[in-house]
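K.L.:
Using the sequences provided together with the hints, build the complete structure.
Given next are the chains, with one letter for each unit.
Number of protein chains: 2
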Amino acid sequence: MTEFLKVVKYDEAVAKIKQHFPVRRIERLSLLSASGRLLAQDIIGPEDLPSFDRSTVDGYAVRAEDSFGSSESLPAYLDYQGEVKMGEAAGIKIEKGQCCWVPTGGMMPPGTDAMVMVEYTERLGDDTILIYRPVGPGENLMLKGEDVKRGQSLFKPRKVLRPQDIGFLASLGINTIDVYQPYKIGIISTGDEIVPIDINPAVGQVRDVNTHALASAVYCCGSIPCTYPIVKDDFQALKAIVLKALEENDILLMSGGSSVGIMDVTIDVLLSIPGSELLFHGLAIKPGKPTLAVRVNEKMVIGLPGHPVSALMIFSIICSPLLKTDSSQRVTVKVTQNIASQPGRDDFVPVVLEEKDHQLLGRPLLGKSGLMSILSLADAFIHIPYEQQGILAGSSITAWLF
Amino acid sequence: MTEFLKVVKYDEAVAKIKQHFPVRRIERLSLLSASGRLLAQDIIGPEDLPSFDRSTVDGYAVRAEDSFGSSESLPAYLDYQGEVKMGEAAGIKIEKGQCCWVPTGGMMPPGTDAMVMVEYTERLGDDTILIYRPVGPGENLMLKGEDVKRGQSLFKPRKVLRPQDIGFLASLGINTIDVYQPYKIGIISTGDEIVPIDINPAVGQVRDVNTHALASAVYCCGSIPCTYPIVKDDFQALKAIVLKALEENDILLMSGGSSVGIMDVTIDVLLSIPGSELLFHGLAIKPGKPTLAVRVNEKMVIGLPGHPVSALMIFSIICSPLLKTDSSQRVTVKVTQNIASQPGRDDFVPVVLEEKDHQLLGRPLLGKSGLMSILSLADAFIHIPYEQQGILAGSSITAWLF
Numbered sequence: 030m031t032e033f034l035k036v037v038k039y040d041e042a043v044a045k046i047k048q049h050f051p052v053r054r055i056e057r058l059s060l061l062s063a064s065g066r067l068l069a070q071d072i073i074g075p076e077d078l079p080s081f082d083r084s085t086v087d088g089y090a091v092r093a094e095d096s097f098g099s100s101e102s103l104p105a106y107l108d109y110q111g112e113v114k115m116g117e118a119a120g121i122k123i124e125k126g127q128c129c130w131v132p133t134g135g136m137m138p139p140g141t142d143a144m145v146m147v148e149y150t151e152r153l154g155d156d157t158i159l160i161y162r163p164v165g166p167g168e169n170l171m172l173k174g175e176d177v178k179r180g181q182s183l184f185k186p187r188k189v190l191r192p193q194d195i196g197f198l199a200s201l202g203i204n205t206i207d208v209y210q211p212y213k214i215g216i217i218s219t220g221d222e223i224v225p226i227d228i229n230p231a232v233g234q235v236r237d238v239n240t241h242a243l244a245s246a247v248y249c250c251g252s253i254p255c256t257y258p259i260v261k262d263d264f265q266a267l268k269a270i271v272l273k274a275l276e277e278n279d280i281l282l283m284s285g286g287s288s289v290g291i292m293d294v295t296i297d298v299l300l301s302i303p304g305s306e307l308l309f310h311g312l313a314i315k316p317g318k319p320t321l322a323v324r325v326n327e328k329m330v331i332g333l334p335g336h337p338v339s340a341l342m343i344f345s346i347i348c349s350p351l352l353k354t355d356s357s358q359r360v361t362v363k364v365t366q367n368i369a370s371q372p373g374r375d376d377f378v379p380v381v382l383e384e385k386d387h388q389l390l391g392r393p394l395l396g397k398s399g400l401m402s403i404l405s406l407a408d409a410f411i412h413i414p415y416e417q418q419g420i421l422a423g424s425s426i427t428a429w430l431f
Numbered sequence: 030m031t032e033f034l035k036v037v038k039y040d041e042a043v044a045k046i047k048q049h050f051p052v053r054r055i056e057r058l059s060l061l062s063a064s065g066r067l068l069a070q071d072i073i074g075p076e077d078l079p080s081f082d083r084s085t086v087d088g089y090a091v092r093a094e095d096s097f098g099s100s101e102s103l104p105a106y107l108d109y110q111g112e113v114k115m116g117e118a119a120g121i122k123i124e125k126g127q128c129c130w131v132p133t134g135g136m137m138p139p140g141t142d143a144m145v146m147v148e149y150t151e152r153l154g155d156d157t158i159l160i161y162r163p164v165g166p167g168e169n170l171m172l173k174g175e176d177v178k179r180g181q182s183l184f185k186p187r188k189v190l191r192p193q194d195i196g197f198l199a200s201l202g203i204n205t206i207d208v209y210q211p212y213k214i215g216i217i218s219t220g221d222e223i224v225p226i227d228i229n230p231a232v233g234q235v236r237d238v239n240t241h242a243l244a245s246a247v248y249c250c251g252s253i254p255c256t257y258p259i260v261k262d263d264f265q266a267l268k269a270i271v272l273k274a275l276e277e278n279d280i281l282l283m284s285g286g287s288s289v290g291i292m293d294v295t296i297d298v299l300l301s302i303p304g305s306e307l308l309f310h311g312l313a314i315k316p317g318k319p320t321l322a323v324r325v326n327e328k329m330v331i332g333l334p335g336h337p338v339s340a341l342m343i344f345s346i347i348c349s350p351l352l353k354t355d356s357s358q359r360v361t362v363k364v365t366q367n368i369a370s371q372p373g374r375d376d377f378v379p380v381v382l383e384e385k386d387h388q389l390l391g392r393p394l395l396g397k398s399g400l401m402s403i404l405s406l407a408d409a410f411i412h413i414p415y416e417q418q419g420i421l422a423g424s425s426i427t428a429w430l431f
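Residue numbers (my numbering), protein chains in the order written: chain A, 30 to 431; chain B, 30 to 431.
Mixed in with the good hints there might be a few duds.
A pair holds if it fits inside one copy or across any two, identical chains being indistinguishable in the list.
[As the list claims (entries may be wrong)] Listed below are the simulated BS3-like cross-link pairs for lysine-lysine, each with C-alpha atoms no more than 27 Å apart in a straight line: (1) K213 - K273; (2) K122 - K273; (3) K173 - K353; (4) K185 - K45; (5) K122 - K35; (6) K213 - K122; (7) K318 - K114; (8) K385 - K363; (9) K188 - K353; (10) K45 - K122; (11) K114 - K261; (12) K114 - K315; (13) K268 - K114; (14) K38 - K385.
These are computed hints drawn from the structure, not numbers from a lab.
P.N.:
Below, the structure is given as structure tokens:
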């Protein structure tokens, strides 16, 4: 029995998998299709933005010095030279003692360096504008290049493209971009006792929860799940489907039955493939001891525990961080009760989130870890590190949403 | 000019839109396709789970009373009756003084009511097992129906289906479910100065950022965006495209140019359609005053400000909460500096999130709100309510991730 020859710590396991994780391929997409995707190129400011000095208010464009000293009782008198229309170039050149109307977003005419808001002005006949308040140079306008300068480094590779980033790229006229392709991830459930979910399990059989939960988890990480039929505890059958799945995917998730035998067969199958290397077998984690990772050439196989609760937890703590592209997945919570933990392993405890007095609380779900319903109740889980002997009620700790 | 006849507060605006929000249609999907979707039915426990009493450890199934009083120095002697195999029905009936081997997850044989872990036992020859520790009835096993009881209400409609929920439904043998269809949302940019993003804007023109940013935002809310060509400030042209988009979508997002005229034309077009009703025009919100909502029969049209920063912020605070299905979008942050706010309007301030000493900090981006780069820098925004006159550095406040 190839049983847990050397159990590794959580950090080591993640580091080993990360080191050998498949390289993401790159594809070129239109900006409209790139939402939520991972940028695969540098973005350099292609031009100045705004491309001209523009007003940020409705009012009159002036030379600031012409407004100096003006007040309610002693306004400045400026010659009105017409208006700059929205969406049109400013054709009027403004000289000393002159002004012209510019709407919000409109282009500042040559010769002007400030905007006086319409609220602080009055029109006197056709030709004269009274200015009741001084403005400084640059006031109420946005200078050319103030938002983005040409040649400036804007985004680095591996940035997740959110709506505001898509909008920002659009404002720069960037229409297509290089992004990383999502991983294709094969999912294989193994075990003599596993039956498809639409079959009524005979006594002693269990439904194939893992294919469904893991496919959903893969999908929610932005990767593409590919499911395979359940495989029984048989070397040849397992090898055939593993080779096919490795051919079709970047990463393979296998979840073993609870029987010890299937884990051995899985390892035998994987290590019989030329170019394979066992990264680890056995994790000092609760739940999820019987986890393994094997590199097969440039692909990665992760063997998860057969029990669905453990399988999904291990996926969330080992695979999600490497697959997921958004960082908004951790929150700080106050733990509502003491949680015991054994030093010498990393504990992961599902919690329910509750908000009270503007504080986010994490109520641990300490029931039997075998209950399927536990995971479905959980909003997040907290991590009690290797060295730590539990945590006290009221402590703040990071919770991972899941 | 139909300008802000009655400016409404943020809460009122959301309530009005919510009241008339289109009804979601229902579709039936296979469980594997339902990740992240919104459940549209009740889920009732179809059967007991587990369907039999099962062991949660490797060891011997016993009658608990037979182990009472046993200890390291004085073990109980039980007759070994064979083993229950994983994935098989327990055929052995256990009488007083007997036991049998059951693996983790295996079925408890009739007559037994507890499991003794293998660590606390010793095998003596072929027929006798020594028990070194007493167990109570029910110890180390999961009772039939302990996870789910038949007829129990499990999920209610409008629950978002996460991987663990998909797994839970799979464990119940539920293979297809009713979920709500995603909304189809049309997006129309209007304004004489707006040009497609792949065209180099002439002076005074601006690129069509809103179509891109809003389509991405709609997509990230789990809805289906449908974009239309830019429309100029013309009643007939706008009406034609609005009618087409209303036909093809549940909801319509229109973003007006910065010119005042286009907003009037938009309202005229919408109110010229039989069955339309103006819900509000003008919001006491910074940014985003020129927002409007019109119900057109069972569809909803929301007019957003022309400025991209305002348009995306208003989408995030008005539309996202009604469209988004996951609740993991709010975190509590400590504000790093004082933020002034004018009572009598709701302020929304973009912030950068930073973690320090296990505390999540929100650093407000107080630059010029016109900068496109601001939104792309922001991780979240905070809401300063209507009545409040700013917030002090160090206060805890809810931030909405976006």
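K.L.:
All hints are to be evaluated individually against the structure, with a verdict given for each.
P.N.:
These are the hints, each one checked on the structure:
In the homo-oligomer, the alpha carbons of K213 and K273 lie at most 27 Å apart inside one protomer (13 Å), although the nearest pairing across protomers, at 38 Å, exceeds that limit. Neither within a single protomer nor between protomers do K122 and K273 lie at most 27 Å apart by alpha-carbon distance, with minima of 72 Å and 44 Å respectively. Taking CA atoms no more than 27 Å apart as the test, K173 paired with K353 passes in neither setting, with 37 Å inside one copy and 37 Å between copies. When the C-alpha separation of K185 and K45 is checked against a cutoff of 27 Å, the pair qualifies only within one copy, where the shortest distance is 25 Å, while the shortest distance between copies is 41 Å.
In this assembly of identical chains, K122 and K35 lie within 27 Å of each other by CA distance neither inside one copy nor across copies; the values are 80 Å within and 40 Å between. Taking the shortest alpha-carbon separations for K213 and K122, neither the intra-copy value of 60 Å nor the inter-copy value of 48 Å comes in at or below 27 Å. Taking CA atoms no more than 27 Å apart as the test, K318 paired with K114 passes between copies only; the shortest distance there is 22 Å, against 70 Å inside one copy. In this homomeric assembly, K385 and K363 come within 27 Å of each other (Cα to Cα) both inside a single copy, at 10 Å, and across copies, at 16 Å.
Within a single copy, K188 and K353 get their C-alpha atoms as close as 12 Å, and across copies as close as 23 Å, so both meet the 27 Å cut-off. With identical chains, the CA atoms of K45 and K122 are never at most 27 Å apart, being 66 Å at best within one copy and 48 Å at best between copies. In this assembly of identical chains, the alpha carbons of K114 and K261 lie at most 27 Å apart only when taken from different copies (15 Å versus 74 Å within one copy). For the homomeric pair K114 and K315, the shortest alpha-carbon distance between copies (25 Å) is at most 27 Å, but the shortest distance inside one copy (67 Å) is not.
In the homo-oligomer, the alpha carbons of K268 and K114 lie at most 27 Å apart only across protomers (25 Å), although the nearest pairing inside one protomer, at 72 Å, exceeds that limit. Only between protomers do K38 and K385 lie at most 27 Å apart by alpha-carbon distance; the minimum there is 26 Å, versus 35 Å within a single protomer.
When held up to the earlier numbered hints, the structure conflicts with 2, 3, 5, 6, 10 and fits the remainder.
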